[in-house]
Amino acid sequence: MDHKDLFLVLLLFLKSGQGDPLDGYVSTQGAWLFGVTKKELGTGSIADCAAKCEEETDFTCRSFQYHSKEQQCVIMAENSKTSSVIRNRGVILFEKRVYLSECKTGIGKGYRGTMSKTKSGVTCQKWSATFPHKPNFSPDKHPNEGLEENYCRNPDSDEEGPWCYTTDPDKRFDYCDIPECEEECMHCSGEKYEGQISKTMSGLDCQAWDSQSPHAHGYLPAKFPSKNLKMNYCRNPDGEPRPWCFTTDPNKRWEYCDIPRCTTPPPPSGPTYQCLKGRGESYRGTVSVTVSGKTCQRWSEQTPQKHNRTPENFPCKNLEENYCRNPDGETAPWCYTTDSKVRWEYCSIPSCESSASSPELSDASSLPEQTPVVQECYQGNGQSYRGTSSTTITGKKCQSWTSMSPHRHVKTPEKFPNAGLEMNYCRNPDADKGPWCYTTDPSVRWEYCNLRRCPETGGVVQATPMAPQLPSVQATSEPDCMYGIGKDYRGKKATTATGTPCQGWAAQEPHEHRLFTPETNPRAGLEENYCRNPDGDVSGPWCYTTNPRKLYDYCDVPQCASPIECGKPLVEPKKCPGRVVGGCVANPHSWPWQISLRTRFRGQHFCGGTLISPEWVLTAAHCLEKSSTPAFYKVVLGAHEEVNLGLGVQQIEAAKLFLEPSGADIALIKLKSPAIITDKVIPACLPSQNYVVADRTLCYITGWGETKGTFGVGLLKEAQLPVIENKVCNRYEYLNGRVRSTELCAGHLAGGIDSCQGDSGGPLVCFEKDKYILQGVTSWGLGCAQPNKPGVYVRVSRFVNWIEEIMKKQ
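So for the sequence shown, our numbering puts the first residue at 17; every next one is plus one.
Fair warning: there could be bad hints in the mix.
Said to hold, decoys possible - Listed next, with one range per pair, are the computed distances between beta-carbon atoms:
id: 1; residue 1: 331; residue 2: 97; range: 28 to 34 Å
id: 2; residue 1: 331; residue 2: 238; range: 27 to 33 Å
id: 3; residue 1: 238; residue 2: 581; range: 37 to 43 Å
id: 4; residue 1: 238; residue 2: 184; range: 38 to 44 Å
What the hints assert, rightly or not - Capping the alpha-carbon separation at 20 Å, the derived lysine to any residue pairs in SDA-like fashion look like this:
id: 5; residue 1: 449; residue 2: 393
id: 6; residue 1: 688; residue 2: 616
id: 7; residue 1: 333; residue 2: 283
id: 8; residue 1: 357; residue 2: 747
id: 9; residue 1: 688; residue 2: 648
Just so you know, the hints here were simulated from the structure itself, not pulled from any lab data. Fair warning: this is a prediction, and the values are worked out from it, not measured in the lab. Just so it is clear, CB atoms sit at the ideal spot from N, CA and C, and this is done for glycine as well.
Given the sequences, and given the hints that come with them, work out the whole structure.
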């Protein structure tokens, strides 16, 4: 289940009229805890399970896990800090936050963490021990004070905070150095603030992070699972000096929040390096010169560059002297320069040689997205798969196999040397039913990957033959194969993957069940005993089994062969991350929606565009300023070379032109005859209405535009660019408020890669799960590939209604 599914399940099981009893828990899908002290209980809901955990008196309940299909609850004394966590489908692990936390609130009366050393480094004596010190506080006398093991506690409400008896005979007790929880105060710049303040410094209410009104934005909770973007609470997801929020005032997009600094020292920040690891946020070397040789300005000074990246605003970032640093989550260490004409530049820091192999050095956020759009397949159960797919079936990014964050695990390259556990690529080290990976989402431990099994007749999925039109994904008959996770599968397979016959959905023997019956789920196709997926299980169709010892199991339903679909080229794109200016030459026909807009008679390329259906092309309005007469223009489709068009190229005249009525730089061209959909000509997909691309999403631009002397003149070029949230793009040092809400920014702030003259009107496409979505139309920029001046693109999602209305009426 993904986030939405989990939320729906929680709503389903919560009792009417009650608040959410799970606020005090951290949940992880697909995680099974190896508990010794536990109780297995039959219960009808997650809320009931949480209540059982709270009511338990035989032991301290620290966690519970809920098995949805069995409707079984297991409450346990252990949590993931004390016991191993194993992958398990259909299980959600809930752990009490208080037992996971290693910080204190107030005087720490409720602290239940596992710190067991005093502030001077002496090991604590066990609370149940009588040597070297006879205690006044013990588990027997004070059963509600959490006096377990030798952990720091505060049973007597000492104003100094948690303490313990020490193992030093000469020192009876001492205090522990426990940092304050960032709930009512913040450490550093509030990057980990988790409090509930939801008003700005001027008293404005905060907008909810999952809302796009009144301000559309790219800080989407689903795309930033580690940033804790809950409700409308103040947060700091983008390296500002302090937490902030978008406001509910349409005239004030965002503002800082007034959150005091914590009085205790912050938690340890982890290891630091004299070389470049990941984005270089932990770099503490002494390089103080930029890539172009300019001297860095001291962080504490305001000349020649005035700025807010000061030691006071970023107290934990070691902004000493004029050393290169990365205080705000940039792609690499940088500094302001002493050259008044160049505000800032990146620095050249030597890479840490061991970063590729050390678990501590791996950085999941910096791993490349390598998911192929020409869908790879795997043989058998995928143990031999060695492709580069790194996205799960619900579109989540895979965690590196060498990383222990956000999920600790034992599936490492050292322990499974023959399993091909490279980077964050999908693999099957434990003989599961198919390739899988741990995810970078803290609340979802693992998922199967977005791959399909190879046909039994051969090892390679052949490209679908060219077709005259785009077929619908929904089949007219009921094939015995499924699309995606098989939510709509209506075939007649009725045995599990192990060959066990399925129990009828209406039957209650050998297994009695209530959740999934034809009466409770009339639209789920629960006929006979056919395999189905009524709960949207990401593992696919399943059924209750006729084996009395096995409640349910999954069915082996193959994926249907995909037709030619929008956003899915039949040639894998190169997706070069290299430094359209400074990009690379594309694989021929790997961006099959790219068109060349030309004058009808001279046939000279002057703008780009995107095929969005056989009869329609989307481009920039300013590309149609040459003439208002459709016959002036023609569209070239399926080309790779600008001049020598070659075989398979289609040239179609324009029949009608439509400019967006509010004056946005976006326009539609209706073709005189429909394009023939082939392996070289395939439309891009349109986004959903008002969809906002998340900050730092890697997207791609293509075109035959000005290359400024770089390689590839006359060939279609591509470049990979990160989207930059408008809040950041509109900063003074970048585009200084010029970017509208109907536009988006993308580019490398260091410069060197950008769209340019001749690329106007062309596509900015972003990969979403298994296809490319047209998110932007190349519009304008301040020069080409200039430092601190990213390109600006019309935000297509804001005009989807207009596009669809025009296409429908014509």
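We went through each hint and held it up to the structure:
A beta carbon spacing of about 29 Å between residue 331 and residue 97 agrees with the range 28 to 34 Å that was offered as a hint. Taken as a hint, the range 27 to 33 Å holds for the pair residue 331 and residue 238, whose Cβ atoms sit roughly 31 Å apart. Evaluation of the 37 to 43 Å hint for residue 238 and residue 581 yields a failure: the beta carbon distance comes to about 23 Å. Between residue 238 and residue 184, the C-beta spacing of about 50 Å breaks the proposed range 38 to 44 Å.
Taking the CA atoms of residue 449 and residue 393, the gap is near 13 Å; set against the 20 Å cutoff, the hint holds. This hinted pair checks out: residue 688 and residue 616 have alpha carbons roughly 13 Å apart, not beyond 20 Å. Taking the CA atoms of residue 333 and residue 283, the gap is about 13 Å. The hint holds against a cut of 20 Å. A distance of roughly 17 Å separates the Cα atoms of residue 357 and residue 747; the hinted pair therefore holds under the 20 Å criterion.
With a CA separation close to 12 Å, the supplied pair residue 688 and residue 648 stays within the 20 Å bound.
The structure shown violates the earlier hints numbered 3, 4.
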